[in-house]
Amino acid sequence: MKKFINDPDNVVREALAGMAAAHPELRVDLDEQIIVRADAPRPGKVGIVSGGGSGHEPLHGGFVGPGMLDAACPGEIFTSPVPDQILAATRAVDGGAGVVHIVKNYTGDVMNFELAAEDAETEVESVLVDDDVAVDGSTWTAGRRGTGATLLVEKIAGALAEEGAPLAAVAAVARDVNARSASFAIALTAGTTPAAGKPGFDLPEDEIEVGVGIHGEPGRAREKLRPARELAARIVEPVLAAKPLEPGSEVIVLVNGLGGTPLLELYVMFDEISRLLAAAGVRIARSLVGNYVTSLDMAGMSLTVCRVDDELLRLWDAPVRTAGLRWGA
Amino acid sequence: MKKFINDPDNVVREALAGMAAAHPELRVDLDEQIIVRADAPRPGKVGIVSGGGSGHEPLHGGFVGPGMLDAACPGEIFTSPVPDQILAATRAVDGGAGVVHIVKNYTGDVMNFELAAEDAETEVESVLVDDDVAVDGSTWTAGRRGTGATLLVEKIAGALAEEGAPLAAVAAVARDVNARSASFAIALTAGTTPAAGKPGFDLPEDEIEVGVGIHGEPGRAREKLRPARELAARIVEPVLAAKPLEPGSEVIVLVNGLGGTPLLELYVMFDEISRLLAAAGVRIARSLVGNYVTSLDMAGMSLTVCRVDDELLRLWDAPVRTAGLRWGA
Amino acid sequence: MDAALARAWVAAVAASVTAHAAELTDLDAAIGDGDHGVNLRRGFDAAVAALASFEADSAGAVLTKTGTTLVSKVGGASGPLYGSFFRALGKTLSDDPDAFADGLRAGLDAVVRLGKAEPGDKTMVDALVPAVDAYAAAAPSGFAAAATAAAGAAADGAAATTPLQARKGRASYLGERSAGHQDPGATSTALIFAALAGLG
Amino acid sequence: MDAALARAWVAAVAASVTAHAAELTDLDAAIGDGDHGVNLRRGFDAAVAALASFEADSAGAVLTKTGTTLVSKVGGASGPLYGSFFRALGKTLSDDPDAFADGLRAGLDAVVRLGKAEPGDKTMVDALVPAVDAYAAAAPSGFAAAATAAAGAAADGAAATTPLQARKGRASYLGERSAGHQDPGATSTALIFAALAGLG
Ligand SMILES: Nc1ncnc2c1ncn2[C@@H]1O[C@H](COP(=O)(O)OP(=O)(O)O)[C@@H](O)[C@H]1O
Ligand SMILES: Nc1ncnc2c1ncn2[C@@H]1O[C@H](COP(=O)(O)OP(=O)(O)O)[C@@H](O)[C@H]1O
Ligand SMILES: [Mg+2]
Ligand SMILES: [Mg+2]
Ligand SMILES: [Mg+2]
Ligand SMILES: [Mg+2]
Chain B
1 MKKFINDPDN VVREALAGMA AAHPELRVDL DEQIIVRADA PRPGKVGIVS
51 GGGSGHEPLH GGFVGPGMLD AACPGEIFTS PVPDQILAAT RAVDGGAGVV
101 HIVKNYTGDV MNFELAAEDA ETEVESVLVD DDVAVDGSTW TAGRRGTGAT
151 LLVEKIAGAL AEEGAPLAAV AAVARDVNAR SASFAIALTA GTTPAAGKPG
201 FDLPEDEIEV GVGIHGEPGR AREKLRPARE LAARIVEPVL AAKPLEPGSE
251 VIVLVNGLGG TPLLELYVMF DEISRLLAAA GVRIARSLVG NYVTSLDMAG
301 MSLTVCRVDD ELLRLWDAPV RTAGLRWGA
Chain S
1 MKKFINDPDN VVREALAGMA AAHPELRVDL DEQIIVRADA PRPGKVGIVS
51 GGGSGHEPLH GGFVGPGMLD AACPGEIFTS PVPDQILAAT RAVDGGAGVV
101 HIVKNYTGDV MNFELAAEDA ETEVESVLVD DDVAVDGSTW TAGRRGTGAT
151 LLVEKIAGAL AEEGAPLAAV AAVARDVNAR SASFAIALTA GTTPAAGKPG
201 FDLPEDEIEV GVGIHGEPGR AREKLRPARE LAARIVEPVL AAKPLEPGSE
251 VIVLVNGLGG TPLLELYVMF DEISRLLAAA GVRIARSLVG NYVTSLDMAG
301 MSLTVCRVDD ELLRLWDAPV RTAGLRWGA
Chain D
1 MDAALARAWV AAVAASVTAH AAELTDLDAA IGDGDHGVNL RRGFDAAVAA
51 LASFEADSAG AVLTKTGTTL VSKVGGASGP LYGSFFRALG KTLSDDPDAF
101 ADGLRAGLDA VVRLGKAEPG DKTMVDALVP AVDAYAAAAP SGFAAAATAA
151 AGAAADGAAA TTPLQARKGR ASYLGERSAG HQDPGATSTA LIFAALAGLG
Chain Y
1 MDAALARAWV AAVAASVTAH AAELTDLDAA IGDGDHGVNL RRGFDAAVAA
51 LASFEADSAG AVLTKTGTTL VSKVGGASGP LYGSFFRALG KTLSDDPDAF
101 ADGLRAGLDA VVRLGKAEPG DKTMVDALVP AVDAYAAAAP SGFAAAATAA
151 AGAAADGAAA TTPLQARKGR ASYLGERSAG HQDPGATSTA LIFAALAGLG
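If you read the sequences in order, they're chains B, S, D and Y.
Heads up: the first sequence is residues 1 to 329, going by full-length UniProt numbering.
Heads up: the second sequence is residues 1 to 329, going by full-length UniProt numbering.
Heads up: the third sequence is residues 1 to 200, going by full-length UniProt numbering.
Heads up: the fourth sequence is residues 1 to 200, going by full-length UniProt numbering.
Calculated directly from the structure, the hints in this document are not laboratory data.
Errors might be hidden in some of the hints.
[As the list claims (entries may be wrong)] Partial list, computed: chain Y residues near chain S (C-beta under 8 Å):
#1 ALA29
#2 LYS73
#3 ALA77
#4 SER141
#5 LEU199
[Stated by the list, open to error] Distance condition first, Cα-Cα at most 25 Å in a straight line; then the derived DSS-like pairs of lysine-lysine:
#6 S/LYS2 x B/LYS2
#7 B/LYS243 x B/LYS2
#8 D/LYS91 x D/LYS116
#9 Y/LYS116 x Y/LYS91
#10 B/LYS198 x B/LYS224
#11 Y/LYS116 x Y/LYS65
#12 D/LYS65 x D/LYS116
#13 B/LYS198 x S/LYS2
#14 B/LYS2 x S/LYS198
#15 S/LYS2 x B/LYS224
#16 D/LYS91 x D/LYS65
#17 B/LYS2 x S/LYS224
#18 S/LYS243 x B/LYS224
#19 S/LYS224 x S/LYS198
#20 Y/LYS65 x Y/LYS91
#21 S/LYS243 x B/LYS198
#22 S/LYS198 x B/LYS198
[Claimed, not checked] Computed Cβ-Cβ distance ranges for the label pairs, DEER-style:
#23 S/GLU311 x B/PRO247: 50 to 60 Å
#24 S/PRO319 x Y/ARG113: 37 to 47 Å
#25 B/GLU246 x D/ALA49: 40 to 50 Å
#26 Y/GLY120 x B/ASP206: 44 to 54 Å
#27 B/GLU207 x S/GLU121: 33 to 43 Å
#28 B/PRO319 x Y/GLU176: 15 to 25 Å
Cβ coordinates follow ideal geometry from the N, Cα and C atoms, glycine included.
The shape of chain B in the complex, shown without the other chains:
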């Protein structure tokens, strides 16, 4: 394993210290292990807290700031945060209007956020993100995973909260964005966690994992590597199957790198994907191409498509000022 680390056990803490040094506009509490917007809590504003395992940067810490999250609580790598962190973050952003927890649907995240919400001194609305259509939502699984749509949920809910909307409305728009979103991912290589010290799985030179999540786990199936055009079709098909889009639908598209894939290749994929969506009569209203919801150094990409209306687009376009996403401010 070759990584810029000192000790696998301290990576998250040291990276947090780095964030603190790089972003004086954030309040980073190394003891509580949380990242908080400098001006939190804002009286009367609904607080938005998210968090999850580390290794997905810029998610979530890179999305703390005006127009998006009020706080993030990063767990150890690929390990959900503990209730203490979540509680500390909830307290730090509680401006008296309640707090939304944006929780990616993983057993560990759900349970830890649940324990924290039970102990919270303010009203908490938990919003589950479960956009990954590679996993079916039947009782045979822990349910769909939360992946790329998390960014959209955080951005749009963050914009509404910034406008002063009440708790129920912020939670509702977050759930709405999740319900409108579908994601699917492909990995070309496994990522390496500092603790494991070796790739999560081995893949032959001509094989890929299809339907992977963002925790280095193998996907739903192993398939042959194919040209970008065919991979794009492989990825668009389940997304459209899960959330059929009528011709004329407007969508936000996120072509997201999993950490080890060059931007150049993400744009090649965006080219293919945009053709396929156009062929399906879908209009790309907004798009984002880059590494946003990563899985350490995994080579691969995910597609997230979210059907939007004018109000959601307005909230998407609203100013946001964070380390990882910034416009209009």
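Since chain B is already given, all that's left is putting chains S, D and Y with the ligands on it; use the hints.
Just chains S, D and Y with the ligands now, with coordinates in the frame of chain B:
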């Protein structure tokens, strides 16, 4: 080789098509192979053109837009653009006030930009970027390479040009930023070009290349992998040796990923580097942590330090609206 | 169970998960995210450290503290689950230090309440249920015999997860591909009961 | 040299750089950026394509067009250098179709003017200089003999770059580590002269 591509020969063209689809606010000319700001040419505004081989994304195409570049001309992967492209870009942004060419100091880039400048119908000022202090600038080499400082030069010159400054002033500030900057890079693994299909060099699990550039070439020396703390010292030392900084100096720091290194690790390195700079009495006025000047999927990072004054900071802080760098707009 | 035995158990579990950390992590890498060994090592090391400065004269207090520490330090799925297990066990023992079988049952109930897994879902529950049952059945023969029976049942339960397809936790995302691998959480449950048996 | 022979030469170079693309790329990967083979294949394929629709009855026009196409299609260091070489050669032949030795000299001068490399810098110049000299020396014996002499000298010149430390181009960044590898550009120069000799 595992990549999201169709055909190695078409990657650059297809990625450009993807940029065109993802960024309707840009004008992408697939025939001329250039990316141009939608409102170019702006009468009376100095045009800024940069370019170089592809594989360094978001550099340069991701830096086209208000407050930064007016046009970029991406060459084939790791291959400088040809004079025709550069000329087309120069024409497209010529608003009558002359055009600045920002050229990274590589033999191929220098010669191709030179041929284009000879044929240009407008006044052209060429600015060479040569910040990589791993290479000595003696007559024994082609001179120092242009790497991370390119981003700073493009940002600051772009801000001044946006304000309507004349050609000589824009070129002068660009040269000044370059002169104030020093960079040094370390690679943990080699990147893979689509054409070569295999990593540019082999590295044992416990070795790194020190003093690498951004074209997959081996570095100045092969050394043992060490903890982040020691690697930070290894990288800060030559930078400070090349551009000694008096205690109290203010700097912009860019901790830049080479493409295959997780953001988490870049923040660990930023933590270490900021401590070393603080110990040297240097004040980090602004910083940027992320993948900006990449070398495909190379795992590694570079440090760029640029000593600034109030005027340079003002220009750095000025609004910029591009795919890869955005604030205040 | 008294405080000293409870402390010894926690210390033995900490030693065991440290010794088996790589194995647990490898099992988790195969069908999960490769952190189970690290998670438990971090958690039980923290529990041992917390207990070192914790004055308690009852097993109930020791195990409740252990559970609270696990919840605060582990994260992931196993943190709240094992944390709740030890908290519920500790609470039962605080009421009645001799009700170890009941305490184990309360711990199991807490795990099921939180995680909603059933036997056969390929989780720690597949080791926990037979272990708790075996302990209860053998309890009349005394602690040592009951702990030994529980350890054997937990090991068998863990081994029996191998052919199963997971229906809970991260392994469920793999669908049929989760079959053929032993569940990491069931494996660590077996270690916890082996440590208990080792006290006897 | 007439137009047909010039076309045949360019076609032969295109075939040769295609056949040797991997080798050139490997040489460039060792001390450069691994694109020299791809660059030249792209450039000479484009030259062949451009010539197919280019009506020209003189070697001068054919080679000037070749040079212009290389400049427009190759990029990198080798594009402007080889482009200038062929343009200068073509221009000389346009004035005097028999002045091939002078044309080569003019091409070499153009390369040196643009790239400022001296012999011993470990560049294409190390193959070009001996090739141009050898051609001039053997020119009295006729084209075939001169081309053969030039090809041999270019190959020797290319081989002689191996021990050198580069002082120009990307390989110079490697310092001492550039020694021990043959220069890719000198190698492609040898291919260009081998193609010339093959026409005879
Ligand atoms: N819903 C559940 N109920 C009971 N046990 C579960 C449940 N989900 C997961 N587990 C157990 O947790 C183990 C994984 O723990 P760990 O790797 O530490 O957490 P994570 O899955 O969050 O990375 C699994 O092997 C399984 O035994
Ligand atoms: N200044 C120079 N003068 C002459 N030849 C040069 C010079 N710089 C580089 N070269 C030649 O160019 C070759 C590399 O060409 P190529 O790989 O196509 O371009 P790049 O170096 O831009 O990737 C080198 O092997 C060398 O022979
Ligand atoms: Mg985990
Ligand atoms: Mg090149
Ligand atoms: Mg796990
Ligand atoms: Mg090259």
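Do the hints match the structure? See the list:
1. At a threshold of 8 Å, the smallest CB-CB gap from Y/ALA29 to chain S is about 5 Å, leaving the interface hint in force.
2. Look at Y/LYS73: its Cβ gets to within about 6 Å of chain S, closer than 8 Å, so that hint holds up.
3. For Y/ALA77, the interface hint holds, since its Cβ comes within 8 Å of a Cβ in chain S; the closest pair sits about 4 Å apart.
4. Annotation: interface hint on Y/SER141 violated; nearest CB of chain S at approximately 36 Å, more than 8 Å.
5. Checking Y/LEU199 against chain S: minimum C-beta separation of about 28 Å lies over 8 Å; hint violated.
6. A C-alpha spacing of about 20 Å is found between S/LYS2 and B/LYS2, which places the hinted pair at or below 25 Å, so the restraint holds.
7. A hinted pair counts as satisfied when its Cα atoms are at most 25 Å apart, and B/LYS243 with B/LYS2 does not qualify at roughly 40 Å.
8. Of the supplied pair hints, the one linking D/LYS91 and D/LYS116 holds, its CA atoms being roughly 21 Å apart against a limit of 25 Å.
9. Using a Cα cut-off of 25 Å, the hinted pair Y/LYS116 and Y/LYS91 holds, with the two alpha carbons roughly 21 Å apart.
10. Distance hint between B/LYS198 and B/LYS224 is fulfilled; the C-alpha atoms sit about 23 Å from each other, no more than 25 Å.
11. A threshold of 25 Å between alpha carbons decides the hint, and for Y/LYS116 with Y/LYS65 the separation of about 24 Å falls inside it, so the pair holds.
12. The hinted pair formed by D/LYS65 and D/LYS116 meets the criterion: a straight-line CA distance of about 24 Å does not exceed 25 Å.
13. The suggested pairing of B/LYS198 with S/LYS2 holds, with an alpha-carbon distance near 19 Å, which does not exceed 25 Å.
14. Restraint check for B/LYS2 and S/LYS198: the C-alpha separation of about 19 Å stays at or below 25 Å, so the hint holds.
15. With a C-alpha separation of about 11 Å, the suggested pairing of S/LYS2 with B/LYS224 holds against the 25 Å cut-off.
16. With a C-alpha separation of about 10 Å, the suggested pairing of D/LYS91 with D/LYS65 holds against the 25 Å cut-off.
17. Simply put, B/LYS2 and S/LYS224 have alpha-carbon atoms about 11 Å apart, close enough for the 25 Å limit, and the pair holds.
18. Of the supplied pair hints, the one linking S/LYS243 and B/LYS224 is violated, its CA atoms being roughly 50 Å apart against a limit of 25 Å.
19. Our distance criterion of 25 Å between C-alpha atoms is met by S/LYS224 and S/LYS198, whose separation comes to about 23 Å.
20. Taking the CA atoms of Y/LYS65 and Y/LYS91, the gap is about 10 Å. The hint holds against a cut of 25 Å.
21. For a cut-off of 25 Å, the pair hint linking S/LYS243 to B/LYS198 is broken: about 38 Å separates their Cα positions.
22. For the suggested pair S/LYS198 and B/LYS198, the alpha carbons sit about 21 Å apart, so the restraint of at most 25 Å is met.
23. Our hint of 50 to 60 Å for S/GLU311 and B/PRO247 holds, since their Cβ atoms are close to 54 Å apart.
24. Remark: the range hint 37 to 47 Å for S/PRO319 to Y/ARG113 is upheld by a beta-carbon distance near 44 Å.
25. In this structure the hint that B/GLU246 and D/ALA49 lie 40 to 50 Å apart at CB is violated, the actual value being about 59 Å.
26. For the pair Y/GLY120 and B/ASP206, the supplied restraint of 44 to 54 Å holds, since their beta-carbon distance comes to about 45 Å.
27. About 53 Å separates the C-beta atoms of B/GLU207 and S/GLU121, a value inconsistent with the hinted range of 33 to 43 Å.
28. Range check, B/PRO319 to Y/GLU176: Cβ separation about 53 Å, and the 15 to 25 Å hint is violated.
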